[in-house]
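Student: This is what each chain is made of:
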Amino acid sequence: MFLDNWLPLIILLTSLLPGIVIFVLPEARIRLRTSLNMGGATVKLALIGVMIWGVRHEHVYETRLSILPNMDLILNADAMSAMMTALSGILWFLTTLYAIAYLETSPQSRSRFFGFFSLCVSSTIGIALAGNLITFLMFYEMLTLSTYPLVVHRGTPDSMRAGRIYIAYTIGGGAAFLIGVAWLKALVGSVAFTEGGMLAPFVDTYATQLRFIFLLMIAGLGVKAALVPLHGWLPNAMVAPAPVSALLHAVAVVKAGAFGIVRVVYDVFGIEFSAELGLLPPLAAVAAFTIVYGSVRALFQDELKKRLAFSTVSQVSYIVLGASILGPVATIGGIVHLVHQGLMKITLFFCAGNFAETLEVHHISQMNGVGRRMPWTMAAFTLGALGMIGVPPIAGFISKWYLGTGGLAAGQPWIIVILASSSLLNAAYFLPIIYRGWFQDSAESWPDKPAAGMLETHWMLLFPPLITALLALLAGLLADAPFSPLEWARLIAAREYHP
Amino acid sequence: MDDRQQKTDEFKTLVDFETKFNKMTISLLYALIGVVLLGMGLYRLVIDPHLVKKILALNISGAGVFLFLVAVADRIPGAAPDPVPHAMVLTGIVVAVSATAVALALACRIQEIKGTAELSENEPE
Amino acid sequence: MNLNDFLQPLTLPAWIVSLPLVAAGLSVALPKIGKPAAIFTAVATSMLVVMLGGEVLEHGTLQMQVGGWPAPLGISLHADGLSAAMLAIACLIAAVVTFYAASYFGPETSPPTFWPLWLFLWAALNALFLSSDIFNLYVTLELLGLSAVSLVALSRSAEALPAAMRYLLVSLTGSLSYLTGVALLYAANGTLDLNTLAAAEPGSPSISTAFALMASGLIIKSALFPMHFWLPPAHANAPAPVSAALSALVVKGSFYILMRLWLTLFEPLINPGTANLIGLMAAIAIFWGSVQALLAKRLKLLVAYSTVAQIGYIFLVFPLTSMPAAGQTAWQGGLYFVLSHACAKAAVFLAAGNVIYSVGHDRISELKGIVRRLPVSMFAFALAGVSLIGLPPSGGFIAKWLYLNAALTAGQWWWAVLILFGGLLSTAYVFRFFSRAFSYSTDTVAGRPVPWIMEWTAFVLASCTMILGLTAPEVIQLFTAGQPF
Chain A
1 MFLDNWLPLI ILLTSLLPGI VIFVLPEARI RLRTSLNMGG ATVKLALIGV MIWGVRHEHV
61 YETRLSILPN MDLILNADAM SAMMTALSGI LWFLTTLYAI AYLETSPQSR SRFFGFFSLC
121 VSSTIGIALA GNLITFLMFY EMLTLSTYPL VVHRGTPDSM RAGRIYIAYT IGGGAAFLIG
181 VAWLKALVGS VAFTEGGMLA PFVDTYATQL RFIFLLMIAG LGVKAALVPL HGWLPNAMVA
241 PAPVSALLHA VAVVKAGAFG IVRVVYDVFG IEFSAELGLL PPLAAVAAFT IVYGSVRALF
301 QDELKKRLAF STVSQVSYIV LGASILGPVA TIGGIVHLVH QGLMKITLFF CAGNFAETLE
361 VHHISQMNGV GRRMPWTMAA FTLGALGMIG VPPIAGFISK WYLGTGGLAA GQPWIIVILA
421 SSSLLNAAYF LPIIYRGWFQ DSAESWPDKP AAGMLETHWM LLFPPLITAL LALLAGLLAD
481 APFSPLEWAR LIAAREYHP
Chain B
1001 MDDRQQKTDE FKTLVDFETK FNKMTISLLY ALIGVVLLGM GLYRLVIDPH LVKKILALNI
1061 SGAGVFLFLV AVADRIPGAA PDPVPHAMVL TGIVVAVSAT AVALALACRI QEIKGTAELS
1121 ENEPE
Chain C
2001 MNLNDFLQPL TLPAWIVSLP LVAAGLSVAL PKIGKPAAIF TAVATSMLVV MLGGEVLEHG
2061 TLQMQVGGWP APLGISLHAD GLSAAMLAIA CLIAAVVTFY AASYFGPETS PPTFWPLWLF
2121 LWAALNALFL SSDIFNLYVT LELLGLSAVS LVALSRSAEA LPAAMRYLLV SLTGSLSYLT
2181 GVALLYAANG TLDLNTLAAA EPGSPSISTA FALMASGLII KSALFPMHFW LPPAHANAPA
2241 PVSAALSALV VKGSFYILMR LWLTLFEPLI NPGTANLIGL MAAIAIFWGS VQALLAKRLK
2301 LLVAYSTVAQ IGYIFLVFPL TSMPAAGQTA WQGGLYFVLS HACAKAAVFL AAGNVIYSVG
2361 HDRISELKGI VRRLPVSMFA FALAGVSLIG LPPSGGFIAK WLYLNAALTA GQWWWAVLIL
2421 FGGLLSTAYV FRFFSRAFSY STDTVAGRPV PWIMEWTAFV LASCTMILGL TAPEVIQLFT
2481 AGQPF
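Chains as they are written, first to last, in the working numbering: chain A, 1 to 499; chain B, 1001 to 1125; chain C, 2001 to 2485.
No lab work stands behind these hints: they were computed from the structure. Remember, predicted model here, so these are calculated numbers, not experimental data. Worth double-checking, as some hints may not be accurate.
Claimed, not checked - From the derived model, a few chain C residues whose C-beta atoms are all more than 10 Å from chain A:
1. 2015
2. 2028
3. 2055
4. 2143
5. 2272
6. 2284
7. 2386
8. 2391
9. 2417
10. 2427
Claimed, not checked - 30 Å max Cα-Cα, derived DSSO-like pairs, lysine-lysine:
11. C/2368 x C/2297
12. B/1053 x B/1114
13. C/2368 x B/1114
14. A/306 x C/2035
As the list claims (entries may be wrong) - Counterexamples of contact, computed for chain A against chain C with all Cβ distances above 12 Å:
15. 155
16. 161
17. 414
Every residue, glycine too, gets a C-beta built ideally from N, C-alpha and C.
Build the full structure now, drawing on both the sequences and the hints.
Tutor: Here it is, written out as structure tokens:
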């Protein structure tokens, strides 16, 4: 009983409380900071496991706190939040490990970094567990606030500039989202997430206003989800250290935006109602444009992280595309891509970070022969890249398959064209990297390979990408197993459509 | 005989009327003068750049308001004036004196530091 | 005879007013006991205010006739939820800033007149929030104004003195206008007591004129555009604890009086034209204040202009409440803005004071990387900035949300757009300083260390904005006790 009421809040606190403590720790207390970080992450994972088991067995976990006389903060574990929370929890664990090693030589304050890092993850968990729009909004804005110090962590003029652009975009998006939520609340009174949506009864009275509200909300969420033309902050934010890029692009910020769009379409408006209002075609158009635009821009980037950034712009819109097609199959494709893209992209960013850290390689033109120098990292990168292209049996293929068949089932065959061209473009900008890495001779002079038997780089930098790459592979191979992301997505999709 | 009686009666009515008229309107006159003083003082406050003149202007406005209050005291014609507005005026005078003291002290210091007892138009940065 | 006999609930208002007054008088007579007297007052008044808050939550209102003389001749002190909330915030900020000031003024630099003036200011605020007699309000306004002006002039610098002079002249003009309105009201109704006046019949021309005069006077004293010109120099050039009290509390005093008058007397008079006029002035205040804050070269000037903008937000309550559908929500939002702005602005001024204490100046362009020298103060600045922008989980967000709700429920979406634009502008000027403070300069910023009390008091106030954000239902319950709205 106690757990039913408080489990969501406790999961949130497992990163919030260590974060607050870490802020006040002196710089030198490395051991304590590490144990707080990893301890919190481990406890969180355990509790998330409990929650997943419970949700699978139709258990209800909900924390309700009154923040205003007529408005509650609701943290609620339904199927979608369980999936998102699990993704965040696992990836946070790995990113913390990675970040500890990555920032070992960093001159700036690590206590501050990990403090904000923990706040960032707490906000993400809050977004995942949010049970109504106002809770979502609050944690969404807190995410903006906690990620800004991470983006400007290095303090260089480039970082500050990136931070300014980031804030300008995200606060503007937050304002649009806020007015959408406030407007909706004023119209219909309740803004709770309901499976299947709760706005259908209002089609006659408020249709035009609801359309505007949808536009505002999608615009606000689209900033974080990097929908074109609101994506401008993302490539600039690459100046941040690799763990930040990994976190921002796989776990926290872009996922928050995409997750938000999914929530709005399915649990506020309802997919069938959205189709009725004619909101889906424009959304699909924007998503499709972003997919192609992102891939095209990625082709022309020489900096590895920038290329991955544009790839993210493109890939996250798969999720939005899935949300904008009417039909359970497309829904499954979009939702499962939340998990799959997270796993694959974080692998790529971890590897990019390793190349930068160990070999000072930042540009693709420098990557000739990396594979021979750092084979494990390159292997993980290859797996991730192949998944992005959509090569079976890696997870990315599953998402694309479902999106494609869903598009066909909904009578929108142009989806196939978009998916195919995107895969081609992905191949065009990933395969050369793979080729260079494995099959070309290195022109650079890199530090010598470590002796046989020793790892090519620090174990905490190496294992996370290997684990995530493996998970991406397993998510694809074992897609039909219980508790796989695909299985979970099927569960969610079934609940979103009225029988 | 009738003529003189008539004339005396007319004269009495006229005197009665005048007395009543005077009694009724003396407070109205005070009130009007008070408002005029208030306006004049405010005008000078805004127009004149010299600090001592501004302070004087404020005092005159204050005096106007107090006069207005004294006029308000005559609420029930014929009966004794209401003491509450008188209390307000006394309090107001005390406040005005202290405020003037502070203002003059500030003006003196400004004269010492800036060499002139005038406020510049630009807001200091 | 034990303490309970002295502290009957009914005498609480009298104690709350007289304690700082007596302490002020004592510190005039014996300058040496100024600081300990102030600290004692801070602690004691806080306890009394807490007790008063408890009483109000339980019984709704608390009324006390001074000296036992009944109205209309006597003066009554009246506490309902609104007064209790204002007293609470005044007490919190004054107490915390007292501790700050105790540390700020070192033994050599302490001006002998600071403590008496500070205590008079506090007494004036307490009396203002507890008065329900329009002439008594005038007296407290004057006391407040005079002590504030003298505090501004404390440093006797070439910038502070003209600022203080301007402030004094403006303040006195406002008070005179208010007093004229009081005279008109008395002439029309024969009583000075607010509760009795509330039952009076509106609509006669003298009441409308009285409203115009009193409102203008109070608007001048609250620095709403276009009557704001005196505020930035005064607040920017006063010593840090004084600026904190001025921006956080003193301008709210006149706003509180206007709110009271509006609620009890003038509501039937308001036509949409008047309300929208105030709304227009508020809107210009928001834009003008934010733009000037963006252009300010000094940190304290930036913060002072931010006050001008935030006062615009606070005055938006008038047009928002004039719509019947919005009602309570708008008042709650306005009051929440008052409370959170008070905490946030005080925190920011204290942090700015720390900057000046540490490096001797506050020119923004030269403050790169100050976060390394003053991490706690900068964190306090960040938290307070979050409230000023209106992001969750701060009190500023709750206030903004309540306003948005009110505006959108009544269908007047332009106020909602204005509020959001204001938030974007606040983001711009907060981050203007913020990004500079956080950027890394390789040269260490030279400066002397700041006493820990000064840094942590700023942090405490900034945390209060967060606490306000998280405990909204309880706070709203407090200030609606006794149904002031």
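Student: With d taken as the least Cβ-Cβ distance between residue 2272 of chain C and chain A, does d exceed 10 Å?
Tutor: 20 Å, holds
Student: Minimum C-beta separation from residue 2028 of chain C to chain A exceeding 10 Å: can you confirm that?
Tutor: 42 Å, holds
Student: Report holds if the minimum CB distance from residue 2427 of chain C to chain A is greater than 10 Å, and violated otherwise.
Tutor: 5 Å, violated
Student: Verify that the Cβ of residue 2055 of chain C lies farther than 10 Å from every Cβ atom of chain A, and report whether the claim holds or is violated.
Tutor: 22 Å, holds
Student: Run the C-beta distances from residue 2143 of chain C to all of chain A and say if the shortest one exceeds 10 Å.
Tutor: 36 Å, holds
Student: Was residue 155 of chain A rightly flagged as not at the interface, with every chain C Cβ beyond 12 Å?
Tutor: 3 Å, violated
Student: Could you check that no beta carbon of chain A comes within 10 Å of the beta carbon of residue 2284 of chain C?
Tutor: 20 Å, holds
Student: Given the hint that residue 1053 of chain B pairs with residue 1114 of chain B, does the C-alpha gap stay at or below 30 Å?
Tutor: With a Cα-Cα distance of about 17 Å, the restraint between residue 1053 of chain B and residue 1114 of chain B holds, given a limit of 30 Å.
Student: Can you confirm whether the C-alpha distance between residue 2368 of chain C and residue 1114 of chain B stays at or below 30 Å?
Tutor: 34 Å, violated
Student: Does residue 2015 of chain C clear chain A by more than 10 Å, comparing its Cβ with all Cβ atoms of that chain?
Tutor: Fine: 32 Å to the nearest Cβ keeps residue 2015 of chain C off the interface.
Student: Would you assess whether residue 414 of chain A, listed as outside the interface, keeps its beta-carbon beyond 12 Å of every beta-carbon in chain C?
Tutor: 37 Å, holds
Student: Is the straight-line distance between the alpha-carbon of residue 306 of chain A and that of residue 2035 of chain C 30 Å or less?
Tutor: 59 Å, violated
Of the numbered hints listed earlier, those contradicted by the structure are 7, 8, 9, 10, 13, 14, 15, 16.
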